[in-house]
Structure formats: structure tokens, C-alpha cells
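Visitor: Those sequence lines, one after another, are chains A and B.
Sequential numbering of the first sequence, starting at 63, is according to my numbering.
Sequential numbering of the second sequence, starting at 98, is according to my numbering.
Derived from the structure by calculation, the hints contain no laboratory data.
Fair warning: this is a prediction, and the values are worked out from it, not measured in the lab.
Any given hint might turn out to be false.
As the list claims (entries may be wrong) - Stretches of chain A that chain B covers, calculated by requiring three or more beta carbons in the stretch to come under 8 Å of a beta carbon on chain B:
1. 151 to 162
2. 294 to 300
3. 325 to 338
Glycine is no exception: its CB is placed at the ideal position from the N, C-alpha and C atoms.
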Amino acid sequence: MSVFVFPPGPRVHILGTGHHLPDPVRDNAAVIAAGCDTTADDIVKKTGIVSRHIAPDDVATSDLAIAAAKACLDDAGLSAAGIDRLIVSTTSPDQPVPSTASFVHAGLGLDLECPAHDVAAACAGSLYALDTAARHVLTAGEVVLVVGADIRSRVLDVTDVGTAPLFADGAGALLLGPGPDAGGLLATAAFLDSRGRDKIGIVGGGSRRPLTAERLAAGEQHLRMVDGLDVYMSATEGMADAAARILDGAGVDKAAVSLVVPHQANGRILRRVAALAGLDDDKVFSCIETVGNTSSGSVLIALDRARRAGRVQAGDVVLLLAAGAGYACAAALWRVGDAP
Amino acid sequence: MSTPESLRQLLRAHVALPAADDAPLELDSFDEVVLIETLEEGLAVTLRAADVAAARPLTVQGLCALVNKTA
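The following block holds chain A by itself, in its conformation from the complex (with noise of 0.2 Å):
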């Protein structure tokens, strides 16, 4: 079932967010510098993006998520104790086997009895977590912490102008629990329209086409977007259809919708979205000029960010919606309880 209304009665609930952004900072100058043939003035005008994090060479996508999942236990006043289960969003894992989230399970501590997975739905796949861990929550009664992050800057042909000004690094993380029956989430969604699967991506590295040395000389390691305008309006698309689904399965007018906290794409991305799903562009949360686009870190930062800048308030209906490669799309619907 791609949306996902949950029934009366005891709620999930966000108990807490986090997030982390490593340094240093890179600006559209560095992206020139750094072999990117435009201009600074260009890379604001086409992505809305003036800077972005960069993770250092010795730090690992699990050294983020663990930052941001400390600070999301900071939030809800828990220790790491308290965490039944963890799912880690990725497609920049640590290494290909075992998973990112048992290099995140060893830095918080984690004992045998909480099981930790990855999950990988590029761009969408902090809000695919949220899905799966918030029927753990309302079938166990778990406390499921969810981490989305990446590093994107390892992947990227610094050359490539579709793709270099805009991914950068980052994480981010929530904290799902049982909670009473006001307020929490009221619907879950997720879809993927696999047409999209050749569109943007990394070709080489996997079972498929294993890297050689012939592969790569010819770039086969770096994240390529071989039809940008294809993604661009089938990531909008993607979320304004999510949007509509969930609110009509949850039986929510958009105009009831408080907040909108997309996937920070680009700058024209999040306006399509509103443009498309017929939110009002004041209602559309957005800090990709100084993030970029964090890919699994994305949503879960930018909801930290909404909050702790108080644009989420206790009553409040947040509409989070993402889409990413594959195509991969989702939706999360939330009201806000007592404490925001």
C-alpha cells in the first residue's frame, strides 16, 4: 500500500530532530576552482545554492549520521538506551558491505537487542526509513530512530556542471516513538516510478558493471544526471503527486498544511513543487541556499532547521515530501503535539 493512514488511537510521534553539517564550508567559488566551468553568478541563478558542507577526507557517512543522531537524543531528552531499533538512509554507505547503520550502531553504543538496518532510496530515502519505522513504532511500540545522510562530495566529477554546485554532505535525524493519541504522524507514503531508474545515478561499482580500471578512467564511479530536465520534472511531479495522495488519504485540505518541508533539490525544484501541488510558496520551508542538495540528509536537515528556526508549532500540519533517483518518491503527514 503506497500510502499508509495511520488508524485512531495511539499516535507516532516525532520525540526528537537532529542534524550535522560538516565543515568547511565550500562556496561557488571553490566549486570554480576546483576544475567546474561556470560562474558563481550562474550556480545561484540555476540552483539557488550560494554554499554548501564538505566533508573532510576522514570523515565517513557514519561519522556524520552519528553527529546527527546525538543531537537528535539531545532533542528528545533520551540517551542512546532508549532506542529499539535504528534505520540508516544512504546511497554514500561507508563501505559496501556491512551496513552504515552498524558503523552508526557501534558509535552510539548500541546494544544486541536493537537491530539496525540501511536503507536505500537515494534522495527519498530518509522519508522511505520514516515509513518502515513508524509501523514498527505502531505494530511494537518501539522507539525507532531514523538517520538519513550522505556524503555526495565523494562521488561527484568536481568537472561536471549538472551535478558538482549542487550535492554536498550532510545528515540528518529523527527520533519516532509511541506516543498518546493527539497529535503525531497521520500518514505515511511512498512510491517509485522505476522508468526513472536510468536517469540519474552511478553506473560503475556494482554488481553490474564492477569497477575496472577501464571504467574508471571513463568516470564510471561518479554520480551522473543523464537527463537533468527529465529529473527535475519528474521529481516535481513526483512530490506534488505524493502531496495530493497523502493529503487524500489522510482526508486533509491543503490549505490546512502549515508547513512544507521538501527535499532540498534546488531552489527551482521547491518552487515547482508549490507551483504544482498548489501550496503557497511562504508555506514552503528552504535552506538549500547555504545546505545544497544533501540527498538522504536532506529532508530530516531541513526539518531540524524548521524547527529550531520555530517555524513548526504545536497543532501545526507539516507535509514532508521528497523524490530521488530511481524515481523514487515519499511523504510523511504530521501533527504537531504539545511539544514542537
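Given the structure of chain A, go ahead and fit chain B onto it with the hints provided.
Guide: Frame of chain A; chain B shown alone:
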């Protein structure tokens, strides 16, 4: 109804267009996005990914047919 000439007038300030109406546009992906946004805002239409994909390779003539079908 849009014509190739009216589309050229709308798009001229935003993207580089070939001289011939049936010649493929040579734009990078960001400029293609600018092109679609300009058409949507200027003509008050909503273009769909599937329709644009079917119209590839994009030409002024093809875009004209696309926006007239959508309007």
C-alpha cells in the same frame, strides 16, 4: 495559439535557440529547465515530464506543438 515566432520572442532573453525551427536545441540541462519554466510561466501552461520526453529532441517547432496541445 503559439507560433514558432511567438515562442522565439518569449524565449529569446532566456536561452540560445538555433536558427531553424526544426533544428534540435543545444542546451545543457539547467538551460532546458529555464526553457520549460519560461514556457510555463509565460504561457500559463503546465507541461508534463512524459510529454516533454516524447517531444525529444526538443526543437522550436516541437515545443510549439507541445504547448498548443497542452494549452
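Visitor: All the hints need checking, so say for each whether the structure fits it.
Guide: Hints and how they fare:
Residues of the segment 151 to 162 of chain A lying with their CB closer than 8 Å to a CB of chain B number 0, which falls below the three-residue condition for coverage. Beta-carbon proximity to chain B at under 8 Å applies to 4 residues in the segment 294 to 300 of chain A; the threshold of 3 is reached and the given coverage holds. Remark: the segment 325 to 338 of chain A is confirmed as covered by chain B, as 3 of its residues place a Cβ nearer than 8 Å to a Cβ of that chain, reaching the required three.
Consistency with the previously given hints fails for number 1 only.
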